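Novice: Quick note, the sequences are listed as chains S and A, same order.
Each residue of the first sequence is one higher than the one before, counting from 1 in the numbering used here.
Each residue of the second sequence is one higher than the one before, counting from 116 in the numbering used here.
Keep in mind the hints are simulated off the structure, nothing from the lab.
This structure is a prediction, so every number in the text was calculated from the model and none was measured.
Hints are supplied without guarantee of correctness; some may be wrong.
Stated by the list, open to error - Derived DMTMM-like pairs (lysine to aspartate or glutamate); straight-line CA-CA distance at most 20 Å:
id, chain 1, residue 1, chain 2, residue 2
1, S, Lys102, A, Glu183
2, S, Lys102, A, Glu167
3, A, Lys142, A, Glu178
4, A, Lys159, S, Asp107
5, A, Lys219, S, Glu52
6, S, Lys102, A, Glu156
Unchecked claim - Computed spacing ranges between beta-carbons, pair by pair:
id, chain 1, residue 1, chain 2, residue 2, range
7, S, Glu52, A, Ser202, 32 to 38 Å
8, A, Ser145, S, Glu52, 20 to 26 Å
9, S, Thr3, A, Lys177, 20 to 26 Å
No residue lacks a Cβ here, since even glycine has one placed at the ideal position from N, Cα and C.
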Amino acid sequence: AQTVTQSQPEMSVQEAETVTLSCTYDTSESDYYLFWYKQPPSRQMILVIRQEAYKQQNATENRFSVNFQKAAKSFSLKISDSQLGDAAMYFCAYRRNTNAGKSTFGDGTTLTVKP
Amino acid sequence: NAGVMQNPRHLVRRRGQEARLRCSPMKGHSHVYWYRQLPEEGLKFMVYLQKENIIDESGMPKERFSAEFPKEGPSILRIQQVVRGDSAAYFCASSPPDDRGNEKLFFGSGTQLSVL
Numbered sequence: 001a002q003t004v005t006q007s008q009p010e011m012s013v014q015e016a017e018t019v020t021l022s023c024t025y026d027t028s029e030s031d032y033y034l035f036w037y038k039q040p041p042s043r044q045m046i047l048v049i050r051q052e053a054y055k056q057q058n059a060t061e062n063r064f065s066v067n068f069q070k071a072a073k074s075f076s077l078k079i080s081d082s083q084l085g086d087a088a089m090y091f092c093a094y095r096r097n098t099n100a101g102k103s104t105f106g107d108g109t110t111l112t113v114k115p
Numbered sequence: 116n117a118g119v120m121q122n123p124r125h126l127v128r129r130r131g132q133e134a135r136l137r138c139s140p141m142k143g144h145s146h147v148y149w150y151r152q153l154p155e156e157g158l159k160f161m162v163y164l165q166k167e168n169i170i171d172e173s174g175m176p177k178e179r180f181s182a183e184f185p186k187e188g189p190s191i192l193r194i195q196q197v198v199r200g201d202s203a204a205y206f207c208a209s210s211p212p213d214d215r216g217n218e219k220l221f222f223g224s225g226t227q228l229s230v231l
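Using the sequences provided together with the hints, build the complete structure.
Specialist: Set out below in structure tokens:
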């Protein structure tokens, strides 16, 4: 079974600084997708960024980028120029290519942004 | 285009009662997924439905839990004879019919179930 591990229950960053959230996963599959979701206090799950495993190039979305290390099964999220609105719970998720919307989530990292 | 709508947002039940959670997918979406989030944990997959069909229920508890997605109307997650351990946030997500597993899921805001 696939597992997703987020080893940092809590992280904090100063406003305008950069922070990296860690995620590792375990799978025997070669074709899959990885995601980072943001969950603010409103509880809404918001997709931050997505990475296809077959792509070597790391995905980026504005201030958000990932460091995808397929051999190491590592998928970290870097948030640059952190803003107060980035404060939330962040979840790493894995999905097999053939599994439609059935995703495996990590337990999350709570990010605090200090002004 | 409204997003995924879940109601109620909060639901309080006493032990032994039934809980019904509703999910209306985004317009045009025919795939619905239910997830459960226990406190301090990530989301756990429960069930995947298409219109009038259960595709994958590998995450559903064997007893007391059922889900449906009728031809007309919202998807319903039903929990019979609730116990305190059922207290959690239940999320619904939807995706379009041409989803090949590489489309992003659209999540609702969840229903927080509290069992007294």
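Novice: Look at each hint and say if it fits the structure.
Specialist: Tested hints:
With a C-alpha separation of about 17 Å, the suggested pair lysine 102/S and glutamate 183/A falls inside the 20 Å cut-off, and the hint holds. A distance of roughly 18 Å separates the Cα atoms of lysine 102/S and glutamate 167/A; the hinted pair therefore holds under the 20 Å criterion. With a CA separation close to 31 Å, the supplied pair lysine 142/A and glutamate 178/A exceeds the 20 Å bound. Among the hinted pairs, lysine 159/A with aspartate 107/S is consistent with the structure: their alpha-carbon atoms are about 10 Å apart, no more than 20 Å.
Proximity of lysine 219/A to glutamate 52/S is assessed by CA-CA distance (about 12 Å); at most 20 Å being required, the pair is judged to hold. A hinted pair counts as satisfied when its Cα atoms are at most 20 Å apart, and lysine 102/S with glutamate 156/A qualifies at roughly 17 Å. Between glutamate 52/S and serine 202/A the CB atoms are about 36 Å apart, so this pair conforms to the stated range of 32 to 38 Å. Distance hint check for serine 145/A and glutamate 52/S: the Cβ-Cβ separation is about 24 Å, which falls inside the suggested range of 20 to 26 Å.
At about 22 Å, the beta-carbon gap between threonine 3/S and lysine 177/A stays in the expected band of 20 to 26 Å.
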